[in-house]
Amino acid sequence: MTRLLTWIGLRYRRSYVGQLMELGLQASWCAVHKAGNRKQSLDQLITQIYFTGVEAIPLVAFLALVIGSATILQASTVMPKIGAGDYFGNVMVLVVIREVGPLFTAFLVAGRTGSALSTYLGNMKVQQEIDALKTMGVDPVRYLVYPSFAATVISMFCLTVIFNLVAIFGGYVVVKSLSLFVSDFSEVQLSLSLFLERILASMSLMDGVLGIVKPVFFGILVSIIACYHGINVSNDIREVPKATTNGVVNSFVCITLFDTLFALPFLAKLGFL
Amino acid sequence: MSGVIASVHNLRFTYPGQETVLRRVNFHVLPGQILVICGLSGQGKSTLLRLLIGLEKPDAGVIRLLGKDIATLNEVEFNDLKREVGFVFQSPALISTKTIFENVALPLIYHNVGDEEEIRSRVDNALEMLLIKEFQHQYPASVSLGILKRAAVARAMIMRPKLILMDEPTAGLDRISRAVLLALIANIRRINHVSMILVTHDLLAARELGGEIGVLKEGELLQPMNFEQLKNCQDSFVEYLFRQLEQEAAMTAEPQS
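Protein chains in written order, with this note's numbering: chain A, 1 to 273; chain B, 1 to 257.
Simulated from the structure, these hints should not be mistaken for lab results. Note that CB positions come from ideal geometry on N, CA and C, so glycine has one too. Be aware that one or more of the hints could be misleading.
Quick list of in silico lysine-lysine cross-link-like pairs, DSSO-like style, CA-CA up to 30 Å [unchecked claim]: (1) A/134 with B/68; (2) A/134 with B/231; (3) B/57 with B/217; (4) B/133 with B/98; (5) A/134 with B/217; (6) B/217 with A/34; (7) A/242 with B/133.
Incomplete in silico selection of chain A near chain B, CB under 8 Å [said to hold, decoys possible]: (8) 37; (9) 74; (10) 99; (11) 129; (12) 138; (13) 139; (14) 140.
Assemble the whole structure, with the sequences as input and the hints as a guide.
Here it is in structure tokens:
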């Protein structure tokens with residue numbers, strides 16, 4: 001598989017996609033082929049995980065709470081009125097776990113970590129810091145790209161799990177609390193056990209697989225696109241903001257595109273394809 | 001030639017879409033020797049150093065570092081070779097998110113040279129030698145250019161290289177910082193017996209460091225010679241460089257008088 005990807009990467013290495021693939025393969029190679037100082041790599045990895053993952057938790061949790069509450073509220077109040085109350089669990093799985101969770105988390109990481117990575121690496125390039133690393137025999141991909149790449153993938157997965165959990169449990173708590181004070185929501189009589197039962201009953205094996213694959217893939221996309229735009233800045237400080245913008249925009253486009261591609265198996269299963 | 005630290009043969013280089021910068025450059029550096037390459041701005045001095053360390057690829061010619069033709073080395077072999085070659089950029093190019101100590105220790109840590117204690121001892125020695133130990137916990141943004149340049153020299157010498165390449169080490173420094181840095185560089189060379197290739201437009205710095213001076217003229221390097229020989233050289237470009245030097249000296253002297 002790696003050889004095939006390498007062949008494809010070499011064939012198209014001059015194209016944008018080819019260069020992204022090449023950088024992705026180089027970063028992946030650093031994960032399996034140990035060189036340099038492991039302790040230093042681990043320190044950098046932990047620092048990156050702290051920035052990309054830990055520091056993003058409050059923002060992710062807040063977004064998840066708002067989206068989870070809105071979804072639960074709509075699903076538990078509007079759907080029974082149109083005779084679709086039995087599909088409550090399906091809506092939660094489809095909206096939160098399958099689509100919004102990975103997608104919003106990826107957008108957030110692309111906007112926050114992706115832009116920071118492109119700017120950081122772009123500035124390093126302009127200040128000749130990346131050239132300085134090369135003159136010391138330090139591989140910039142191993143030293144700079146790989147820790148960011150690994151940390152973004154790990155953080156993306158963890159943040160998506162946190163998003164889903166907060167959206168479901170936090171959302172439930174918010175809606176239940178609202179139903180105590182707002183008379184319009186008093187119809188929401190869902191117990192926690194029934195609520196979870198319906199969600200779990202609506203989940204398939206594919207949801208579990210995609211729950212892992214999607215965030216990991218989006219993490220790879222965001223980190224590689226951001227690093228590529230950062231390290232390919234020419235030696236001109238005016239290029240840095242352009243590289244950051246291009247990195248974030250291209251990440252958003254790629255995430256949306258691949259999110260659509262990930263939906264294809266479900267559409268095929270339902271007979272739409 | 002045995003024992004040659006660095007040699008360049010018929011080097012030619014052109015930036016894409018531009019005129020040829022280096023046409024036919026030839027020189028060699030022996031152990032412990034210092035070669036100062038002088039020339040005006042835009043003559044390709046920095047480019048020559050970038051070619052030597054592999055940051056640019058030549059159009060033609062052979063570069064040998066420590067007996068190895070760098071064009072024949074793969075990435076891993078070249079990275080191993082770079083452990084024995086230090087490089088000082090014109091802009092100090094220290095990693096802005098690391099302290100002075102961490103910057104100097106970076107090559108040692110990355111290449112797994114010694115344990116923690118040895119790394120600390122070697123970095124402390126280098127910082128003491130360059131008189132910047134008191135700045136070790138500061139970040140590059142919070143110290144002066146003179147300190148940054150000395151830290152860059154410390155980082156270049158930390159792996160105990162056989163050759164150090166320096167690009168305009170005194171550029172942008174005031175007279176005192178410049179004199180201190182030149183004295184420290186001369187000291188490092190004397191103690192470590194390291195060869196140096198130093199690029200500068202500062203002929204006086206070249207004289208102070210001793211060694212041979214090669215003048216880069218229209219993409220070619222004139223035969224390296226010492227300062228006195230160069231002063232008596234009949235070449236019109238060299239004469240022009242010395243006239244420039246006299247004018248600069250006069251301009252610096254005026255405010256004092």
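Handout entry: Structure-inconsistent hints, enumerated in ascending order
Key = 2, 6, 7, 9, 10 and 14
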